[in-house]
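Trainee: Heads up: the sequence lines are chains L and R, in that order.
Going by the numbering used here, 295 is the number at position 295 of the first sequence; the sequence numbering is gapless.
Going by the numbering used here, 1071 is the number at position 451 of the second sequence; the sequence numbering is gapless.
In short, the hints are calculated from the structure, not lab data.
Honestly, I wouldn't trust all of these hints.
[To be verified] Derived list of chain R stretches under chain L, where covered just means 3 residues or more per stretch with a C-beta under 8 Å from a C-beta of chain L:
1. 623 to 631
2. 774 to 787
3. 876 to 886
4. 1132 to 1144
5. 1191 to 1205
Treat the numbers as computed from the prediction; the structure is a model and nothing was measured.
Where a beta carbon is used, it is the ideal one built from N, C-alpha and C, also for glycine.
As a plain string of letters, each chain reads:
There are 2 protein chains.
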Amino acid sequence: MAETDRIFELTEKYFTSQNKNEIETELKKLLSPYDKDSIGIAQMNPKVGDIEYNSRKIVQYINFAQSIGLDLVVFPELILTGFPLENSIENHPIIANECIKWLNEIAKITTKTTALVGFVEPYEDKFHDSVAVLNGGKITDVIRRKSLPNNSEFNDFNCITTFNSSNNVIIVNGIKYGILIGEDFDFEQNADLIINICAVPTKIKNEQIKHSFMSSLAQKYSVPLVYVNQVGSIDGASFDGTSRVFDKDGKLFACAKSFEEQFLIVNPAKNLGKIYPSVILSNNDNKSQFSLDYEPDMERTYKTLVQGIKDYFGKTGFKRAVLGLSGGLDSTVCAVLLTDALGKENVFGVSMPSKITSQTSKDDAQVLAQNLGIGFTIAPIKDMFDTTNNCLQNLFADVEKHWDNRYKQSFTADNIQARSRAMFLWGVSNEFGNCLPIATSDKSEAYMGYATINGDMSGGFAPIADITKTKLFALARWLNNNREQKNAIPQSVIDKRPGAELAIDPKTNKPLIAEDALMPYEFLDEVIWRIENKKENYNVMLKSEFLYEKNHSVTKEQKTMWLDKFYRRMATALYKKSIMPPFVIVDSPSYNSKQPITSCGVNYKGFEQKEIEQKIQQWL
Amino acid sequence: MAETDRIFELTEKYFTSQNKNEIETELKKLLSPYDKDSIGIAQMNPKVGDIEYNSRKIVQYINFAQSIGLDLVVFPELILTGFPLENSIENHPIIANECIKWLNEIAKITTKTTALVGFVEPYEDKFHDSVAVLNGGKITDVIRRKSLPNNSEFNDFNCITTFNSSNNVIIVNGIKYGILIGEDFDFEQNADLIINICAVPTKIKNEQIKHSFMSSLAQKYSVPLVYVNQVGSIDGASFDGTSRVFDKDGKLFACAKSFEEQFLIVNPAKNLGKIYPSVILSNNDNKSQFSLDYEPDMERTYKTLVQGIKDYFGKTGFKRAVLGLSGGLDSTVCAVLLTDALGKENVFGVSMPSKITSQTSKDDAQVLAQNLGIGFTIAPIKDMFDTTNNCLQNLFADVEKHWDNRYKQSFTADNIQARSRAMFLWGVSNEFGNCLPIATSDKSEAYMGYATINGDMSGGFAPIADITKTKLFALARWLNNNREQKNAIPQSVIDKRPGAELAIDPKTNKPLIAEDALMPYEFLDEVIWRIENKKENYNVMLKSEFLYEKNHSVTKEQKTMWLDKFYRRMATALYKKSIMPPFVIVDSPSYNSKQPITSCGVNYKGFEQKEIEQKIQQWL
């Protein structure tokens, strides 16, 4: 259908075009203005709390919709402020009051097109998750969300309340639209079309369930359903967009791109719609068992990470990143992601070798920087280490006069190395404009607290803190195969066994390998996966067969030791988790979720009933 | 009444006594066993998630209650796990399952005494905030919380749900007890006595309101009301205890101590009760205007801070603290608080002078350490600074080949000083057992981001991050007057104007004074107070008269400049706030509350309606 193709081609061109008027004229002809059911989906990327910035975009989209004669233009939930706001509204109610002022003015530009704009509504001394209906120069109606999620990962719903008596049907050009905000799925009234206005972060889990649910909802009421979602990242929360339209039989009829701002025109009555390729449609990775096959989720993971970095920098006004390049997997993958998100001219890698750093590591760092075309230099930490160590030895001698229990172990020196490197990176960030230093910790190490405070876990942003090590290996391979520039990552980075190169293993006389200090990553990552996805506990895991056990012989003693170590380290890593820099949430809200640091005494193994009985007897 | 006094005297002695049997025998005589209405209030300090630790205490209290023949022993809300749990239960449901196992065994020790024990109940695939009724060796009943707070500062209620059909009256020895959990104040049934089982953190605000409300509730139903509260700190959340009993006329009848674990025996029917002095009764500081008279809240503030430090260290297994002593107000007050919380033998102060550090500052640090009797040494940072600066100059020259926008300002060097000091303190913490370094940031500076990342704002714990500077001055004076050792803080520390001594002010050729770089603390602290307590915005503040303006002449331009600076700095300090170490929440949940870092674009001034109109016109 050539006309249909042309409509989508023109719409895609429009916002960057110099000849907007020409496109408008042609589109108007193709669309036949104010035809029933013609809807513009404005899949928008807001700046949270920046109402002026968001309004400008909203005005542009309404203006476009009007200039080509659409009946309706629909924006995501709470788009005027962006979502999540966490406690912002509670502390600064002016944000909600400003919404009203802006909506009054935005309404004035509406003539024949009706706009549905989500906003925080201050109403009866409370705050509501509302949608304003703008038409004919006025706010003609307000629809308020009726039910709130009882397990949101954000704080917003501590301050936003429900409004049960809200009407949720509006009539535009004789068509009855049923408006559902978020999960307001109790829908009683008749409508010709359902519009679900949302702001739903991307997750592997539940994507397919949500998709099927929307489809079944359309089927149930036997009307088309339009789902409009926010796109872009707000701190760690990543929204994929992927707005969708289902026909009255529940069949997917149109789908916007993932991780891109887009204006999509649809008209279910006239069979006008397009299904763009999206990560949601191409992946279905809600696996019931842990596996190392991360391929189905790689594109979503990569796009979530790149959008997360790009938006965090862009929305905080930073544009450049400096990071340490150790030649290891973590910093390597970070460098590639930063390059793709910020541009090679905005990334600077510093190799900061110590006497422990191997030649391969140094070479790999340099080759990577060359491949990516990013800034690069070498800054050895020997002087820093020697001076710090000298000063500390004097200080320790003084402290020892007062305090016992001096360790005299190598980890004090290990940490000096990591902190010297952070000192360099923060120095660059202080000295050069708009530059953030990068924390390169990954999720496996973060769970284990296997990172140095004020050292490698310190930075303005932590791109990969929600990616486990085995997934990171998969991502490195995927990047080498799927980026325009193939094999930017030296194969040796992917082949070598990760280690921090902070200490020499006395057993091998070589730099300590992380898996030897912790446990095999394949095992570690499965423990994390089982906790986050299955909420399994110690004893269940001890009894279940791990993937690692299928391929390796593991004694029960060994497995017990690893599980003990995991839970012990996880409990004492809660403090480190609490000061982790902002990071992109990719997999699930679990690593992001809060647990009191003082809960380090939780017994994750639990007790046998008999043991408890005996303990209590002893206490009497 | 000599007998009454004796009962309280014996109870206070009991738990540390070697002759428990004697006390039990005497108390049993005085109390006449299993007399109607005799209630033991177990105001307990739990370790969050450590069910074994908590059970042991619960068993001891039940055992005591039984041995002296009380009808009832009542514990705080969720005491078996401690509160708040944040997302712990969601991620580790085993914690809730263990509750059931422990309760079954604890129940077995109950014979004639009935125990009410709060716990997390896994029930019908959900988690409930429940109270178990233990009697005759069994769990005889479970009461579930019916309503949850919609603006809790904790995440617990994302996972804990309500249970509307729960019965909430139990009968013990013919007496009907109405059990209210938390804010379950809708109470329909008749009862002879109301028991309100709670876990409410200390706050200046609303204390008097809560007190009056409980009194009015007793009056309304014309029955005595027993309010049982948790005591102790869990991370930043501080519970004051201060459990109370009101008689049927709403008059305060008994009151437990604040900030201390206590077992209080009451019997409203027999007029047995005691009002211990408590911070809640002695202060009423819900002021409607900002003032510098912090005196009414000083005792509560001090006890909250000391309990917060003590419990954070104790519950995480740390016992020693190392901190930098600059001779300034922040580190001085921290040193005193740490000494009182941990003991002088467990505190070590390090003076780390640079060439900018004045002789007075050095002297003050040394005198303070001597007065307190804590460990002390001097570790100059000159070598560290010089080496770091040399290394960085080389690095900067390399970076400059790729990047423009080099600042060449002094703050890069300023930060090196602060980071060198943190490097020393973390070194000590790594080298000596059970030792945490202390972050000395105060709330005024934290709001302004006037602290160095990986420098003075870095540490394992931040005692005073919720105390504004003017309140800190008041606290320093209060400590000098009210501690057993008078005037431990050198007067010159209190008299001098604070500054970080990181840079020389080119105007005065002396170390930069913080107020000159920011704004007068009296003004700054009032802005914070108005935001946290009144939710006021920029324009309201601009129009209101500040306390500072009553005593100083301030032009509108000057005030505008300060307010602009405040909001600008607050917006860009959101990142620093996100990585602030755990701290004691003292004043209000506002500083602790979350705001997206990317919300730095919020316009806190708002716009005039006319301006908005004009902007939109320009965009069209």
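Trainee: List, from low to high, the hint numbers that the structure doesn't satisfy.
Mentor: Violated: hints 1, 3, 4.
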